[in-house]
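Trainee: Letter by letter, the chains look like this.
There are 4 protein chains.
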Amino acid sequence: MVVSLFDSRLYGPLFGEEELVVLFSERQDIDRMIAVERALARVQGRLGVIPAEAARDIDEALAYDHPIPAAIAEGTAAAGVPVPSLVTALRAKVPNGHGQWLHWGATSQDIVDTAQMIALRQAEARVSDRVGDLVEVMRRHAGTHARLPMAARTRGQIATPITFGVRVAQWAAPLIEALADRPAAAFRVQFGGASGANTAVAPHGPAIATALAAELELADGPPWHSNRRPFATIADWHLGIATALAKMAEDLILMLRPEVGEVRASKGGGSSTMPHKANPVEAEAIVTLSEIAHTLRAGLGRPHREERDGAAWALEWVFIPQMIVATGAALRHAQHLMETLEPVPERMQATLRDHPGVMAEAASFALARHMDRTEAQTLVKAALADDRPLAEALASRAPVPLDWAEILSPDQVIPACVDLIDQIFAGPT
Amino acid sequence: MVVSLFDSRLYGPLFGEEELVVLFSERQDIDRMIAVERALARVQGRLGVIPAEAARDIDEALAYDHPIPAAIAEGTAAAGVPVPSLVTALRAKVPNGHGQWLHWGATSQDIVDTAQMIALRQAEARVSDRVGDLVEVMRRHAGTHARLPMAARTRGQIATPITFGVRVAQWAAPLIEALADRPAAAFRVQFGGASGANTAVAPHGPAIATALAAELELADGPPWHSNRRPFATIADWHLGIATALAKMAEDLILMLRPEVGEVRASKGGGSSTMPHKANPVEAEAIVTLSEIAHTLRAGLGRPHREERDGAAWALEWVFIPQMIVATGAALRHAQHLMETLEPVPERMQATLRDHPGVMAEAASFALARHMDRTEAQTLVKAALADDRPLAEALASRAPVPLDWAEILSPDQVIPACVDLIDQIFAGPT
Amino acid sequence: MVVSLFDSRLYGPLFGEEELVVLFSERQDIDRMIAVERALARVQGRLGVIPAEAARDIDEALAYDHPIPAAIAEGTAAAGVPVPSLVTALRAKVPNGHGQWLHWGATSQDIVDTAQMIALRQAEARVSDRVGDLVEVMRRHAGTHARLPMAARTRGQIATPITFGVRVAQWAAPLIEALADRPAAAFRVQFGGASGANTAVAPHGPAIATALAAELELADGPPWHSNRRPFATIADWHLGIATALAKMAEDLILMLRPEVGEVRASKGGGSSTMPHKANPVEAEAIVTLSEIAHTLRAGLGRPHREERDGAAWALEWVFIPQMIVATGAALRHAQHLMETLEPVPERMQATLRDHPGVMAEAASFALARHMDRTEAQTLVKAALADDRPLAEALASRAPVPLDWAEILSPDQVIPACVDLIDQIFAGPT
Amino acid sequence: MVVSLFDSRLYGPLFGEEELVVLFSERQDIDRMIAVERALARVQGRLGVIPAEAARDIDEALAYDHPIPAAIAEGTAAAGVPVPSLVTALRAKVPNGHGQWLHWGATSQDIVDTAQMIALRQAEARVSDRVGDLVEVMRRHAGTHARLPMAARTRGQIATPITFGVRVAQWAAPLIEALADRPAAAFRVQFGGASGANTAVAPHGPAIATALAAELELADGPPWHSNRRPFATIADWHLGIATALAKMAEDLILMLRPEVGEVRASKGGGSSTMPHKANPVEAEAIVTLSEIAHTLRAGLGRPHREERDGAAWALEWVFIPQMIVATGAALRHAQHLMETLEPVPERMQATLRDHPGVMAEAASFALARHMDRTEAQTLVKAALADDRPLAEALASRAPVPLDWAEILSPDQVIPACVDLIDQIFAGPT
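Chains as they are written, first to last, in the numbering used here: chain Z, 1 to 429; chain V, 430 to 858; chain G, 859 to 1287; chain Y, 1288 to 1716.
Worth flagging that the hints you see were computed from the coordinates, not collected in a lab. Cβ coordinates follow ideal geometry from the N, Cα and C atoms, glycine included. There could be a bad hint or two in this list.
[To be verified] Taking lysine-lysine and the DSBU-like style, the derived pairs with C-alpha atoms no more than 30 angstroms apart in a straight line are:
1) G:K951 with V:K696
2) V:K696 with Y:K1554
3) Z:K267 with Y:K1554
4) V:K810 with Y:K1380
5) G:K951 with Y:K1554
6) Z:K381 with G:K1125
7) Y:K1380 with G:K1239
8) V:K522 with G:K1125
[To be verified] Some chain V residues well away from chain Y (every beta-carbon gap over 12 angstroms; in silico):
9) R485
10) A502
11) A507
12) R611
13) H633
14) T769
15) E771
16) P830
[Said to hold, decoys possible] Going by beta-carbon spacing under 8 angstroms, a handful of chain Z positions derived as facing chain Y:
17) V2
18) F24
19) T273
20) D386
Whole structure, please, built from the sequences with the hints as guidance.
Mentor: Now the structure itself:
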């Protein structure tokens, strides 16, 4: 029980994800704010809003030797945001009295929001890469096991046969959709000045914003100080991935139970007292991490009052990095689980064999071509209650002779399953 | 305190929205499930999956005289879903023994999910219409008041001038984005059969789904029994609207305070004991309704385990209609508030006049063209602390003579504000 | 998908609970507000705050013939609360011009909050009764099956033996604690007048509140218009029960899986397409209902600003009745599940027999009395990997002869389990 | 935007609380787990469950020189919990082969849960101390300003007069209740062994638990591996405090607005571009921190399945420390705000003077002693619409001569307000 799990030495390997933790470190946080101030100066210098020499001095002076957080921590507590004291510290580094042109016409929120968008765009790229890798290994499993029958489960009960490839493909489906729906337009530059109308640099506000967006590879648009839809879109995208992984993990926790045992994956975790245990640690961690993302997403969405709102704003700082790191860590575990995943065909076959009801729907559809469907279902139920093997019990009751060995073979479902797998991996059209 | 507020006679006028309440009534719920069963029969008849005459009999027999809910309530409690008992009741209505071809190859979830998608598409259309109406009235206000200065507020404090049109335009911004981002692809047909692989109607599953989608004007795609991304997308879209309205309402609650008093809107609610009160009932209701939508959204996202999951599924039934009705009701109040909204220019001017600090940024930027910016800010602070009028106090301190009357006029911000309003209403590019 | 599930004819039998639905009906909602107004008049008459004859006239006139909701719905929408128009309607019914003494010194929130506290106290009594009934049937099961061994599962894996009675007792544990911790002090009268300081009836405010509390069997205390701790306490108490039931239901969903099959309970729900299915509908419903309670609880807690807050207030009206009805419905299903619950001893024994690792801890503790514990664990792991029966494999490796038949018998755990069951049902001390 | 705000150098002074951050550090986390293992050995040595010399060796060997987290981080990732690798590391430190008696009969969750309860008890003590300090300064303000009239606001509108002391007292009310309701019984020892029935140490389980509870100053009780009610109780208690502080902070944000300006508190935060701003940084931080606590609380409550559940368990590790640190940081800001709080009586008086409606209720009650109340309210409304001073307008309309100067004096409310303040600080009875 520690207050900072994600970058903890002890819990980080379980709940953190190194690249994303580094991305959301203090060092990079400050570096990004400085990068925004420098880009703003370059852009304003080019547009003639500030003197060209001032822009050059600012850009060069801030290229190295950044102030350490300790120098601006006190100012952060006083102002509720690091920018005022950071700007003061940075101005002192700029020669020729040009420091005054730093942060020209900007407000703290312009710098913080734009810096965050840089981080979020990088995080999205990293997460998308990981999702892409995961979909690839899922695609391989789905192809390899497209024809391996297993019992589907619906509402916790054994239903009808599918193939193992279908189950894997359905794990991939929301991830494939997420990759087709990356929130590129939401990574938007913020430049609005004190009250969001860029009055201090009028009429250059829109031109500065457009140039700054281009400079930082962000989307352009009007100031959105109090319109947090871009953050909501980004958060929802990550949550969609975390939710998809939780579904896979919940399925794995069930499949890894000894009573089911239809897959092997990862190396189970050991117990402090039971020598025989192999706990599904990574699958559980995914469930935990997904719940974290889900919980934190609900903490966003508080309206930003009037032109800018300090209380609602800081909530984004707290929740978004944690939810993205949690998503990234879940992806890491998912990748490892998928890379070590192996079906246990003999257990899958045993389940199908031990639960003949799994073929009840197929039998009743076969019969329904020759008799009323409701009567067919009644006949099948009676056959299931019979002591004899199901094929025999059905044959003795059916109004016409049918090839019960074929009808009752789980392999009947293979073609439809192969089609479905192909359809899923073809992606949204 | 009643368990069903939205369609209550007493609380419905405050928290409900009639058309959406009707859309999510039992009557229409059942009608939609029947419509899906009929469309399925028609499609399967055309594709030769079931006999053409059976399709015709089903379609005609179910066109009228639907069973009332009471007849299937008991079955719903037993099965956890209305479909099995509804299908039994409907089959009895189909002549020529053709009832058996009803619901051919479908599972309950196919019917329920597809029926819900019909409702959700209709709800989205209704909500989009209302959002469109609201954006129009906001556009009119923003245009009319594009040049009416008022004090922006940031972090609850008086900041710099904007115009009233800017504030209204920023209310509209997320709504305009929502209209540009309608979730059309998420209204997706569901047809997967017992375990989601359409094995009972193989190889016709994909063709049936495609035809059913066309028949019902829904998007096509593979079965998504356990992939609830479509619902999440739809819920998030509505939540985005509710959040945008809450921001507007919170601003109105502040502006309607007697100490601010910069707008009039709606007719305030009376008090049971204080004759002078005019409570901002509609704005408060929007805040409440938005919080409802926000809270209920957080209840979605539980993973659907294995091929179909009964527990996670029903959560969608509970939360989605309430969050959409709440969004619709908030829109209704927002429309009324916007239609009755009037600024109170004399109060806006009084605020600007009584808080000369509102022009401090403008003064320091004007001075910064002639002296170091930090020194300019110090000079402005000193002038603000002076007993004399600000123009006089600045003139006496400034290193160069400047036209302080012009610099300190809030009207200076008008051009930038007009540009911003235009940019916002031009919409996402 | 309907907006009001809890009192719906179709979904009510699944998600509603009749007595609580009636308690939270419009009829009783209005009746309670009238009851508070009458009690207030009686009390103020006795204290001489209003004329005794006026009190009598009010009390008698309002004893019958209450206005129907339709008459006050419009007023509710206008005022954001039913009280002002209700008071107007009620005053007209009081003879001798005494209507003016109705609602003397009260504010709408006094009436609404006090009326809600009456409902909440009744709901708590009803829920406590149901919890009591549920604990009784659990106690019987725990006693009957105190000596029936089964495999405990930890982290989804088979662990060591417990008895079935222990599992049931642990389901009861949080319910027993809830019964010992009923929130009696939270059912508190509200009487504060316009701004919560009872200035209109000074100095009689505290005396009126005390007498009104006694009259209505509520707790006394200072006005709490903006201090919603009483509601939070009540909501948390119900949520604790819902959470406990969800744990039981999740366990049942697992135990009812065909691969586990260690209990039977309720009659499973039928499928629309699979004749053999028996879905755990009631257990799933409990999970759904508990999640509803959990989700809605998170919607409470918004701070009430200044002396009284309209937006935060109404959230309580929406969420609290639904979360209590959901808790009540979950209790109803839990009661039915427990009343029909039967263990399947042969499946429990089969699990123990088929997973000899379940006795690994016992074996290693037995060995650790004669050798180093870590070496003992290594020895046990080797024996488990052996092809021979575990007793034989252990005997061949152990440094001393031990009675392996006894050590490896799951019955060894019975005495500790019996003790634990007794300890749990003895309740908190 | 950093992943670990609470202990960050940059954001920690704003969002962290030093003592609680240290309490929830890795170092203390491990120290607590070791303390539990040592206490367990001592207790088991005394009870004769393990050899007395082994207990002594364990206790002494682990008193110093604890392993650093890095040594057990890898094991934590593998096992999903630090205990197995920690136990291995600790055993190696114990002489005479006595390491094997360490962790005797315990499961990882016994150690982790008990260690957390130690932390939570310490956190509660710290938080209670801070709450006590806060109530004291509130009590002083309430006393000092018990007779300082101000306008109450209800539903965002000016209502009737109260005194400033009442507003402060109502801030204190939920804190006073929280202090009277400390969750002492929830700090409960956990000792259940592998599956929660203490079968490995039977029949000594209950005796060990009781002795361990006494040794660690925790409450006793049966194992609660899957019954997380104790954690819920503790989390709810902290949330109640955070919610109370948010109410105070929201009020302060309103009172610190320039348009209201009825208090001064803390030193406002500076702006990066507006020289005149004084942002209510600490009050905003409290709102943010309270929302954090609220959001994280909603992430708890996931049922623990079967005997022990890995996924639900780890959620507690993530959310509980953050919510407590957030509560502690909010308390720190609240204390500073209260210590620097000063009313601005002239602004309070100006509000009362400028809004004569504030006395409308008083006027109508005074008139209602001489005429029908509804007519009295109509008369008062007319007088408020009159151009003349209210006293004059009322005098000209009233049916009897009344002392309007006295009736319309806000000082009339002082006695009732003084009584209310006394009642609140007297606390729950």
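Trainee: Checking each numbered hint in turn, tell me which of them this model violates, lowest number first.
Mentor: Of the numbered hints, 2, 3, 4, 5 and 20 do not hold.
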